[in-house]
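Visitor: If you want the building blocks of each chain, they are given just below.
Number of protein chains: 2
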Amino acid sequence: MKKLNTSPISGMQELLPKEQAVFNKFKDCVREVYKHRGFLEIETPVIDRAEILFAKAGGETEKQIYKVVKTEEAAEGADQALRFDHTVPLARYIVEHESDLAFPFRVTQIGRNYRGERAQKGRFREFYQADIDVLGRNELAIEYDAEVILTLSEALDALHLPPKLVRVSNRKILVGFLEELNLQEVASEIFSIVDHAEKVPLEKTKEWLAELSIGNERVDSVMNFIDIAGDRADVISRLNSFGFENQKFTEGLQELDKVLSILESQGLEGSVVADMKIVRGLDYYTGTVFETILPDYKEIGSICSGGRYENLAELYTDQKFPGVGGSIGLTRLFYVLNEYGLINEADVERRRYAVVPFGNSEPEVEMAYKVARKLREQGEDVDIVFADKKLGDKIKFAGKTADYLIVIGDDEVRTGTFGVKDLMTGETTTSEI
Amino acid sequence: MKKLNTSPISGMQELLPKEQAVFNKFKDCVREVYKHRGFLEIETPVIDRAEILFAKAGGETEKQIYKVVKTEEAAEGADQALRFDHTVPLARYIVEHESDLAFPFRVTQIGRNYRGERAQKGRFREFYQADIDVLGRNELAIEYDAEVILTLSEALDALHLPPKLVRVSNRKILVGFLEELNLQEVASEIFSIVDHAEKVPLEKTKEWLAELSIGNERVDSVMNFIDIAGDRADVISRLNSFGFENQKFTEGLQELDKVLSILESQGLEGSVVADMKIVRGLDYYTGTVFETILPDYKEIGSICSGGRYENLAELYTDQKFPGVGGSIGLTRLFYVLNEYGLINEADVERRRYAVVPFGNSEPEVEMAYKVARKLREQGEDVDIVFADKKLGDKIKFAGKTADYLIVIGDDEVRTGTFGVKDLMTGETTTSEI
Numbered sequence: 001m002k003k004l005n006t007s008p009i010s011g012m013q014e015l016l017p018k019e020q021a022v023f024n025k026f027k028d029c030v031r032e033v034y035k036h037r038g039f040l041e042i043e044t045p046v047i048d049r050a051e052i053l054f055a056k057a058g059g060e061t062e063k064q065i066y067k068v069v070k071t072e073e074a075a076e077g078a079d080q081a082l083r084f085d086h087t088v089p090l091a092r093y094i095v096e097h098e099s100d101l102a103f104p105f106r107v108t109q110i111g112r113n114y115r116g117e118r119a120q121k122g123r124f125r126e127f128y129q130a131d132i133d134v135l136g137r138n139e140l141a142i143e144y145d146a147e148v149i150l151t152l153s154e155a156l157d158a159l160h161l162p163p164k165l166v167r168v169s170n171r172k173i174l175v176g177f178l179e180e181l182n183l184q185e186v187a188s189e190i191f192s193i194v195d196h197a198e199k200v201p202l203e204k205t206k207e208w209l210a211e212l213s214i215g216n217e218r219v220d221s222v223m224n225f226i227d228i229a230g231d232r233a234d235v236i237s238r239l240n241s242f243g244f245e246n247q248k249f250t251e252g253l254q255e256l257d258k259v260l261s262i263l264e265s266q267g268l269e270g271s272v273v274a275d276m277k278i279v280r281g282l283d284y285y286t287g288t289v290f291e292t293i294l295p296d297y298k299e300i301g302s303i304c305s306g307g308r309y310e311n312l313a314e315l316y317t318d319q320k321f322p323g324v325g326g327s328i329g330l331t332r333l334f335y336v337l338n339e340y341g342l343i344n345e346a347d348v349e350r351r352r353y354a355v356v357p358f359g360n361s362e363p364e365v366e367m368a369y370k371v372a373r374k375l376r377e378q379g380e381d382v383d384i385v386f387a388d389k390k391l392g393d394k395i396k397f398a399g400k401t402a403d404y405l406i407v408i409g410d411d412e413v414r415t416g417t418f419g420v421k422d423l424m425t426g427e428t429t430t431s432e433i
Numbered sequence: 001m002k003k004l005n006t007s008p009i010s011g012m013q014e015l016l017p018k019e020q021a022v023f024n025k026f027k028d029c030v031r032e033v034y035k036h037r038g039f040l041e042i043e044t045p046v047i048d049r050a051e052i053l054f055a056k057a058g059g060e061t062e063k064q065i066y067k068v069v070k071t072e073e074a075a076e077g078a079d080q081a082l083r084f085d086h087t088v089p090l091a092r093y094i095v096e097h098e099s100d101l102a103f104p105f106r107v108t109q110i111g112r113n114y115r116g117e118r119a120q121k122g123r124f125r126e127f128y129q130a131d132i133d134v135l136g137r138n139e140l141a142i143e144y145d146a147e148v149i150l151t152l153s154e155a156l157d158a159l160h161l162p163p164k165l166v167r168v169s170n171r172k173i174l175v176g177f178l179e180e181l182n183l184q185e186v187a188s189e190i191f192s193i194v195d196h197a198e199k200v201p202l203e204k205t206k207e208w209l210a211e212l213s214i215g216n217e218r219v220d221s222v223m224n225f226i227d228i229a230g231d232r233a234d235v236i237s238r239l240n241s242f243g244f245e246n247q248k249f250t251e252g253l254q255e256l257d258k259v260l261s262i263l264e265s266q267g268l269e270g271s272v273v274a275d276m277k278i279v280r281g282l283d284y285y286t287g288t289v290f291e292t293i294l295p296d297y298k299e300i301g302s303i304c305s306g307g308r309y310e311n312l313a314e315l316y317t318d319q320k321f322p323g324v325g326g327s328i329g330l331t332r333l334f335y336v337l338n339e340y341g342l343i344n345e346a347d348v349e350r351r352r353y354a355v356v357p358f359g360n361s362e363p364e365v366e367m368a369y370k371v372a373r374k375l376r377e378q379g380e381d382v383d384i385v386f387a388d389k390k391l392g393d394k395i396k397f398a399g400k401t402a403d404y405l406i407v408i409g410d411d412e413v414r415t416g417t418f419g420v421k422d423l424m425t426g427e428t429t430t431s432e433i
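Quick note, the sequences are listed as chains E and G, same order.
Under my numbering, think of the first position of the first sequence as 1, with each following residue one higher.
Under my numbering, think of the first position of the second sequence as 1, with each following residue one higher.
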């Protein structure tokens, strides 16, 4: 009988060992790809100064921040809180450790973040994010935008997902486009409408634009603009055909062209498109923006997104740190893939051996240790089962937790040989110590 | 100029990328050993129910617990807090998921815990602990006590530390000894005095015992008892020579003998002793107790400790889950090893390549991608440096973050060959694409 409620708090992911092994393998795969692409791992504290976290949060996020208080203190005095993303602590880290870092700084952070969101299916309050960023000091070459997308793409490929599609745009193009249409004053409203365009019917988007009182012609222009999507050559030529000489527009177009060229030449041809509907919600993106979907499972939404920002740490320093980054939301991704049955446990799990000394006699235990040691030296995971149970129970136990079973009894001790039973196929192979 | 205080909160460890790489390698080494010995990884939420965490905390720990509150809520209503160790959430986990687990359950948890301790050098408020436990249902074989010590010992060995010494005892021996001396009523005071015996002069321990008004003879007996330490044969024979027939005493002696026999036969001979001064502070240990020191650096204290407990989850369920476990305090260990200069960065770090397209021309960048891809496929970590800088700057940059430098210029593009400069030795070897 339970005396207390022992379920985890709602919104927290708590996995059984088998699921955890798959999740950890996921995390390790992503980390390995990041490392091979030269990203250096850092880890910031989960608890940070409230003034740092609140300075950058704003809006909904601000309400979701967890404050922390030591038991004897009052909440009012709380000047500490839990980080809600990796970007804010990264900005603090960069300013704090600037003189010890070399720029461009390729950096990755993989860890848990916290948001007190309203609890609902598939939403987590504690969640792993696997971020990468490249940060420059004063300047940062456009090639890094491609490098970030390539790295995230390779990481997703390492997870053996269904075919993916990377959708890329550059916010400067829309900014320039709106300047040409003399729509600067409602630019932020239009950005927000474009950002929501895929979640509502076409008519709704049009209605929202009309509500801005910009005239039918300009409504149609914007509607046509956000419909532009396709492969690089096609999109670039359609955008060029506007004949704009606007500086922002031209710059954005050149950057997009460059980034897409690199992506196509580095293995993403056929799984990357330019798409003018992509603007990303966050205000702080200033150039390249991207998201990634699984076209066969569109309803999942973006599983990996990011972009270019001009100035990471402006709240903390006068120094300018432009950067480009992106993130895979591991906890949510793992959850939805599970929901869709898209994770093959057998594919990613390590094999496990159970070595069972039949009667727990000294020679049996000694041989069990020898067998276990040999297997471990070969890199295998080995459990020795000492339980004082009948053999049947032990074998049932082994079947629950192991893939291979080795029983050590009198015969095995006498002959120095033992059988390794594959619990999946039932086949036994003989080995000797 | 900084506009805000960007230092991490005091008591938080925040490392530079090079240090972080070493720390992560540490963590990965320990995890690998745990896995090879059959321990299954789980991860509980950092935020848990306050009633669960406070039920088990008590004393100093209770004051150190961080409560969490969402911004709009009052602290009074806070029913959530940050875990302060892995044991309490493990107890909750076992009860919650019992029907999905197989016992004996070999389990490991490696993650950050939180204690709002007074800030001082070498004390951390956010710290990694790498725990292992074996949990039985109703019963658990004594061999697992040895298995836990062997696993932790192998994990420490994987970190290439100076020679270590594992000190083992069994609390039943002291319990039985005090019963024989008719000292049950002051048993908990004596346990506490023994636990502190090494931190104070001999005279102080004697004085504390005398204050219990137990008579000089029994003071001397206890003083003699806690002086018993040495190899298995010696200690067992000295304890046997008391001639006690006390059940607890005899049971403790047999268990200690068994555990030490296994440890000696499995490679710990010479680095394990029995030591009656070891009792461990925590009340919930009931049998085997152990700690690990580095004899050449005694002042560091125990770097790895644990023991056997009779009933992990008694607060949450009537079911009995006996277990044995231990922990390596990774954050503190890493800190003190650094302080003593006992970490060899070169020994544990991965090598890193910097590939520099000389003038960022298209053929150079293309070749840089090819070279990087080839190296990454060989398992190497490769940074491509796109910075728009003079070559000298780029090389200086590479020297700060990489171990090998590859410059791709006109010649390299023309010939398809390139030099790999080892930045440590200055030697260059030629390779081709």
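For the record, the hints were derived by calculation from the structure and aren't laboratory data.
Since the structure is predicted, the reported quantities are computational estimates derived from the model, not experimental observations.
Keep in mind that a hint or two might mislead.
Which copy is meant is left open, so a pair is good if it fits within one copy or across any two.
[Claimed, not checked] In silico DSS-like cross-links for lysine-lysine, where the CA-CA straight-line distance does not exceed 27 Å:
1) K374 / K25
2) K258 / K121
3) K35 / K374
4) K199 / K25
5) K389 / K320
6) K258 / K206
7) K35 / K277
8) K396 / K206
9) K27 / K206
10) K18 / K277
11) K370 / K35
Visitor: Please flag the earlier hints that this structure goes against, numbers listed from lowest up.
Guide: 2, 4, 6, 7, 8, 9, 10
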